[in-house]
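Please construct the entire structure, taking both the sequences and the accompanying hints into account.
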Amino acid sequence: MRLLEFQAKEIFREYGIAVPPGRSSDTIEDARRDAQTLGYPFMIKFQAPVGGRGKAGGIQKCSNADELEIKYPQIRNMTIKGERARAILLEKTAEIRKELYLSLFLNRSKRCYTVIASAEGGVEIESVKSQTIREVGLGNVPAEVAAEVAAELGLQESAAEQFADMLARLSRLAVEKEVELAEINPLAILQDGALVALDGKVITDDNANFRHPEMSKYREESEIEERAEKSGFSLVELDGNIAVVGNGAGLVMSTLDMLSDSGGKPACFLDVGGGATTESVYEALSLISRMRGVTGILVNLYGGIVKTTTVASAFLKAYEDGIIDVPVFARLKGAESDQARIMLADSRTRLFGTVEDAIGAAVTGDGR
Amino acid sequence: MTGILEILRGSEGDPDYNNKGVIVQGITGAYGSLHTRNMVSYGTNIVAGVTPNKGGQTFEGIPVYDTMQEAVEATGAAISAVFVPARFFKGAAFDALNAGIKLLVAIPEHVPVRDTMEVVRLAESKGAIVIGPNTPGVIIPQVTKIGIMPPMPFKAGNVAVISKSGTLLYEISDALTSAGFGQCITIGIGGDPINGTKLVDAFEMVKDTPGLEGLVIVGEIGGDAEEMLAQRIMDTGFSRPAVAYIAGRAAPKEKRMGHAGAIVMGTYGSAESKVGMFAKANIPVATRPAEVPVLLAGKMKKSL
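Quick note, the sequences are listed as chains G and H, same order.
To convert a position in the first sequence, counted from 1, into the working numbering, add 1120.
To convert a position in the second sequence, counted from 1, into the working numbering, add 390.
Treat the hints with care, since some could be wrong.
Simulated coverage check for chain G against chain H, where a stretch passes if three residues somewhere in it have a Cβ under 8 Å from a Cβ of chain H [to be verified]:
| hint | segment |
| --- | --- |
| 1 | 1228-1241 |
| 2 | 1367-1374 |
| 3 | 1377-1386 |
These are computed hints drawn from the structure, not numbers from a lab.
All C-beta atoms, glycine included, are put in the ideal place defined by N, C-alpha and C.
Here's what the structure looks like:
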C-alpha cells in the first residue's frame, strides 16, 4: 500500500519525525478554515500516489485568501500522470537552508533493508552521484551507524545529532509498520537549524496488512479491485478496450505484452489465481462486464491446478445470465482443455489453437 | 551447502537414490492433501506429513506428526514441502529448519516479506536451501516433483528451466517438450520480492548438471534478479546455450502485476533493463513463450 504524502506525514508525526504544520482537505470550505488556522503563506499540495507533482504544477505557494480561491480549485481538479487528487494538503512554507535525502528500503537483491542518504535532496535519488549506502539487516539501524551516515553527509553538531535521531525514528517506523520503502525527500535543514521532513513517501507490504489493522484507514481500492481481492484474483485496470484474463501473473503479463505487440490495447490485467473456482471466475466476468469501454475479452489459460473446465463453466453461466455481451477470444491448454473446448464449442466463445491466433482475432475482430 | 540435485536425487548406489523422502507440512489441509495425492501419483516419495494436533493420524497411509522434529526423527527426511496458510509460514519454516531440513520448498503466496527475510536468515545459518515462497516448486521430470505443477508439460531431458512465474514455467516447458527439449530440472523461484533462492542461486544449482545441454531463464518485471544473473553468466563464462523470456514489457509502472514482486519503480525492475543486460550477455530474449524453443534450437545450431 502506498500512502499519500499527508498520510505518510501522519505516521512520521506518530514516530516523532518533524514535519511542517499542515492540514488535509477535500473542499474549499474546509480549506478556508484550515487557512485561518495555519496562517498565510502556505503551500497547496496535490495528493495522489505519483511523483513529479511539483513539475506538473500540483504544488504551489499560496500567499493570501484571493490566491486560495483561485489555486485551490485549480489544483483540486488537476489530473497528474492519470491520477486525480485524493485530497489537498495545505502546509506551512519552510525557510530552507539545505535539502538532504534519506530513505530506508527493502533491498531485493541483497535481501535486507538498506539506508540511502545524500547531501543532495529534493531531486530523484537515481540522478544523485554522491550517495551513502548502508545495509542494515532487518531494518534496525544501530545508533553508531546512524551517526556514521550523518558524518558522511558532512553534517556537524546539532544537524548531525538531529539527523541520526531522525534516521533511528525512521528505522523504528520501517520495522514496526513493515514497509518496503520509507523515504524523506527532501529532508530540509531550516534557517533556524531544525531538520524537517518536507515530503514523505511510505510503501507498506500488502501481505502484512493482517498484522496492521491500524493502517486499514489508509487503504484505497476501487470497488472493483476490492471485490477482486475478496474473490482471490488480481486485477489491474488499464485504459484499453480488450480485457485480458488468464491464470498466473506471468502468463497474463505475457498475454498483455503479446496483445500490445499486435497493436491491441488491454482494458485490464486479470489473473484468476491458483485457487479459482467457477464462482470466482464468474465474479471476474461480472466485474469485467461493469468496466467501461470493453469491446472484447481475451482468455489465455494454461490449465494445471485450475482446470480449464472450471473456467469454461463460468463462461457458460455468464452467457446464460447475459452478463457478457462482447466477443470472447480464447486459447485453452492444459488440464481438461479438450473437454473445455467441447463445452464451449456451441457458445459465443471463439476458440483458437494458439494465443497468437486468439490475439490476432481479438485485435481485428473488435470493430476497431 | 549440499547441492540441490544431491539432496533431491542422492548418489547412484544409495538405497534411496532417486527416491528421497519428502515431508509435507500442512498435509491435512485442503491444498496440502490435494497436492500430496498429486505428488504421490507422480512418484514422489512422501514419507510423512505434519499438522499440529493431528499427530498419530494417517493421511492415505502416510503418517502424520505434530512437529517437524518428530517427523524428521521418524523418517530421516531432509526435504520438506510447505502448504500452510501464509500467516503460518514462518512458524512452519522455523520448525522445519530447526529440525534439520536441508531443502524447504515454500508454496504459500502472500507471505509477509519480513517473515521471508527471517526464514532466509535462519536457513543461511543452517546451510539449508529455501525455494520460494510463492513458488510452484521444483521438478526433476519423471523422477520427483515437489510442488504444485501439473505433470503434463514436463518430460525428462537435458535442458534446465529456472523461472519466477509458475504458469509461464508450465507454458514454456510445454513448448520445449513439444519441440523435443526435455528437462533435467525446472525450478520455480517464486514471484515475491524476496526469494529464498534467487535466480543467480538457481543458476548456480543447475549450471554444472552432468549432460546439461541448455538453460532457459524465465523472468518478469520487478527487482534486478535477471540483471544479476546476466552479469553472473558473463562473469562465469558459462558456455552452454542459454535463452531468456521476460514477461511484463507492456505493464504500467508502479502497478503490482499479480505477483508481489512484479512492479517497476522508476526504471528499477523494467523489462528494458533486463532485456538490455541479457543482450550484453549474448543471451537472446524471446518476445513470446512459443519463440523460446526456436531461439534455443538456434543457439544449439539444431533445426526443430
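Hint compliance check: list the failing hint numbers for this structure, sorted ascending.
none
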